[in-house]
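Chemist: So you can see what is in the structure, the chains are spelled out below.
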Amino acid sequence: MKTRSWLVAASFADLLFLYLPIAILVVFSFNASKLSARWQGFSLEWYAKLFTDQALLSATVNSLIVATVSTVLAGALGVLTAVALERQPFRWQGAFEVLLLMPIVIPEIMMGVAMLLFFVMIKLPLSLLTMIIAHTIFNFPVVALIVRARLRKLDPRLEEAASDLGATPWVAFKRVTLPLLMPGIVGALLMAFTLSLDDFIISFFTAGVGSTTLPIKVYGMLKSAVTPEVNALSAILVLVSMGLVAVATWVQRK
Amino acid sequence: MSPIQLGGGRWLIVPPAATLILFFGVPLALVLAVSFATRGTYGGIEWAFTLGNYTSIADPLYLRIFWRSLWLAVLTTIICLVMGFPLAYVIARAPQRWQGILLFLVIIPFWTNFLVRTYAWMFILRSEGLLSTVLSALGLTHEPLPLLFTDTAVLIGLVYGYLPFMVLPLYAALERLDPSLIEAAWDLYARPLQVFTRVVLPLSKPGVIAGCVLVFIPSLGAYVTPDLLGGARSMMIGNLIQHQYLVVRDWPFGSALSFVLMAGVLAAVLYYLRAGGERGLL
Amino acid sequence: MDETSTDASIVMREVTKRHGDTVAVDRLSLTIRKGEFFAILGPSGSGKTTTLRLLAGFEQPDSGEIIIEGQPMQGVPPNRRPVNLVFQNYALFPHMTVAQNVAFGLEMKGLPTPEIGPHVAEALEMVRLAGKQDRLPSQLSGGEQQRVALARALVNRPAVLLLDEPLGALDKQLRLEMEVELKALQERVGITFVCVTHDQEEALTMSDRLAVMHHGRLLQIGTPEEIYTAPASAFVASFIGVSNSLPGRVQAIDGQRTTVAVEGIGLVHAPSCTGLRTGAPVLVTIRPERLHLSRDPATDGYQNQIAVRVAKAIYSGNEMHYLVTLPNNLTWKARVPNADGTAKRFHAGESAYLKWRTAEAVLLPE
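Protein chains in written order, with the numbering used here: chain R, 1309 to 1562; chain S, 5 to 286; chain L, 279 to 644.
Note that these hints are calculated values from the structure, not bench results.
Using N, Cα and C, we set each Cβ at its ideal position, and we do this for glycine too.
Every clue listed holds true.
A few chain L residues facing chain R, derived, Cβ under 8 Å:
1. A334
2. F336
3. N362
4. L363
5. F365
6. F382
7. K387
Take the sequences, apply the hints, and build the full model.
Modeler: Spelled out as structure tokens, the structure:
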């Protein structure tokens, strides 16, 4: 059956809508003009400026620390959760599943507010640590959801076959289930890493003095003066995202 | 057929459950508690029970913000649905190799930094921005256009931000739809519009509902988009909460606002689950 | 049969298994002998797969006892049972090569690595897959996957090999070949095979003995010939092959011969069966290939004869298949060899005489 041409045209318009603004950003990141809306020749000046901006570099380092640590924690907690939910039914499982979905569905602003209130009340100074905790909380349910979906799709007979061939339940899990889950786990970790790297609102509420991350820094730049530097930074961030999606897609395909 | 259970696996759930309850359940409960407390003289919290934080939401000033948020969220959802359906349909019907590429194209914005994507529209819509510059260069306008800091700008930003959330579940639902059903409808004399309303739409309903809920929820609670594209005149609930927390420092009122927002979100989620959801989510 | 005899490989005593409200296996008792090819035959939902899963240890009986190789299996997990299962869709580990799949069980047993290789090679040789050891399961054909599953189970030298619809996923041609090959393999390795199937032809061809199950119950157990020629119930008779039947009442029992009165037809005869009294409701059954069709009313050695009308004549190569209408409006099937050329064929609408010998009929209590 041939798909109707107006549908194809509408889809093309959608993709144009999604990509044109980003493309414009990237193009103008090479603009020599300080007044960024007029094209005044090609330049790499703004990229050069980025790499000498100390505050930006330290924000990048902070972002990477928070993203890495929270991803590792979210990965461990998420896989545990997925396995427990699928293989080890427990009392209050229904209630737990609702609570698990909450960090994903409630507005980020609410999550930020709750975290801020909590850390202030328990007198834990806002820092990289508080941010790591917050990021772990919004990331591990995501990992749990993705890994669980993958676990559900596995043929339960494979584990039975392992067990029939003499493997104990744990060995069957380690030798058969875990390797088959691995693409899902890696995909989930990449997703968590990206979510953490991109998060602004929750970081904004839980970051302390000196623990500024990249998105917080970008937000500051957008709020003050828009310079071509932001375009250059944006272009780099877009490239990083594309790389991460490409890796995630490739891993999932395997 | 019950899956094999892991011996001693009973304790697997303890670390995640403990983490979630301590660092998420408790903070949420705190917000609820504080929403019934009184604001202290210097912006702190006094534990004197009051319903005042909730009743003061009835102020027309705040109601207008709630109303705008709801209106913008609904509009965003409808526009995303109308824009997203053709794209999802085309992807689902594309040859296998193209499906992968097209999906990839929809997923990339999904993973791209939200601030950057919002900034792209600031760059385009600013009064000295790209659109203004191009239009005046073409001689169509003579003075800078007031595009940024309007509800329209916020709407564009929201649709731009959440369109992939609509396309992905729609695609998932449409991909499962057996093409021979459409052919059968044709064979039974249905016209294209009838094929759509009688076969395609009913069978993709779970995807439609999932997509709408996934767009509606973050739109309702949006903060970054109205903050950057809307400014002071286009505040949404998210901005009001942030304002109360970080500027006015009225935490009890901010908490009450959060809970009203959450009630709206949970209503949407409940609707979604009752409509047989969760399958289209991922 | 002596359940305690030392040549029993598997003994099930009064085994019952419920799944929610339905009884999947209902007080099942049977003995499977060492080294025999035993088939469990039944339609879907008959409890045959559950029986296999009970033997493999994936499910525990609600009551009753399972003994394998003299050991009670109560509470013994699948990984510690002396049985291996060939899964219905093979359940080959998709992330392991053929050799790694076959080596898995030996590794789990803790066999030293240098000893595993030769065993794996030997097992692959046995199923004619030598040279494919480094392929992934997804790179093999259905028949090859099936043989990997066999090798993966047999390499462990289990006391009993369980097979769950082993040929179900193969196309017809391959299935016929594998029936023969599987039987030959079983004779060569001398291991007890227990094979679950819904295909009566498969069960009859391969097994030394078979059990017919229906609704969780064991209906009959015996050699293929016993089951085919002397079905114990109407269900077995119809499940094992198409059978014609006539309901009636016992009129007289005369030693080896019972006379049955059939309403609208008259008297027919069948070999006696035990436990029937005069007046009891019975079914007289007879297979389509045992019927004779003739234009001549002479009895010529056939003790039973009914005047019928041919409703339909279907040419089927070496045979003619006829649907005939009896005087009581029942429709029977008859299969007649085509050897005599076209002259003797019947056409739809023709009258004819349906004849059979008493000894060819089977009498079943209703």
